[in-house]
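A.B. asks: Sequence:
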Amino acid sequence: MAGLPPHRSGTTTLAIVRPRLIADDVLLDAVLCAFANLGYEGTSIRAVAREIGISHNTINNRFGSKDKLWYSAVDHGFAQLADVLAIEASAESGDPLTQLHMAAQRFVDYSAANPALLRIVIHEASLPGPRFEHMYHSFIKPTQDAAARVITDLQARGRLRSGPLSPAFFFLVTMGLGSLAGLTDLLARFSDDRTDPSAIARLAVDIVFDGFTAT
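Just add 779 to the spot in the sequence shown (first one is 1) and you have our numbering.
Hint data in this document are derived by calculation from the structure and do not stem from the laboratory. A few of these clues could be false.
For each label pair, taking beta carbons as the anchor points, the in silico distance ranges come out as [stated by the list, open to error]: (1) G990 x G843: 40 to 48 Å; (2) D854 x A925: 15 to 23 Å; (3) R928 x H835: 39 to 47 Å.
Ideal Cβ placement from N, Cα and C applies to all residues, glycine included.
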């Protein structure tokens, strides 16, 4: 049973159905948006339930505490992102630089369609604690380490510019391009009737990779 699609603000309101018919993945999508909108501190399961339009007992019965709910929603969001970022060698060029470029493009596309996860990462990174440490060690660092190995190899072969490119890549792609893609309302204001906002995001990815490439 699917919920209604996210509004432009990033809020997801579930269709009014009996709680047992709401699939966990649909519920967690909505919860992730609610935490992105409301933040973790100062909110409650009741407030999250009100934000997504279901009974707070539905959440309590499935996930228990607010803490467990947050971790379940974030793990769910990162699992979805991991599926998007997975590179299928049979479907794409075997060239590592092309694969890195395509992975960045998929991340930007995902962030445009699902801005909640990156908003939560940015918020939690501004006040480090157990929640950010969980995201960093479980998801962010392993992904960054994998990208760093590819970048280091490409630098050694002279295909990427020298210097501390790996952290620059991480921040430009995630906080820069990802945030750009996720701010759909603002991005649309810089587009005219003939320009697809997603085309701006794709162009930004190409520009960043042009800057990474050795000349």
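A.B. asks: Next, verify each hint and record whether it holds.
C.D. replies: Hints and how they fare:
no., hint, result
1, G990 x G843: 40 to 48 Å, "46 Å, holds"
2, D854 x A925: 15 to 23 Å, "19 Å, holds"
3, R928 x H835: 39 to 47 Å, "44 Å, holds"
When held up to the earlier numbered hints, the structure conflicts with none and fits them all.
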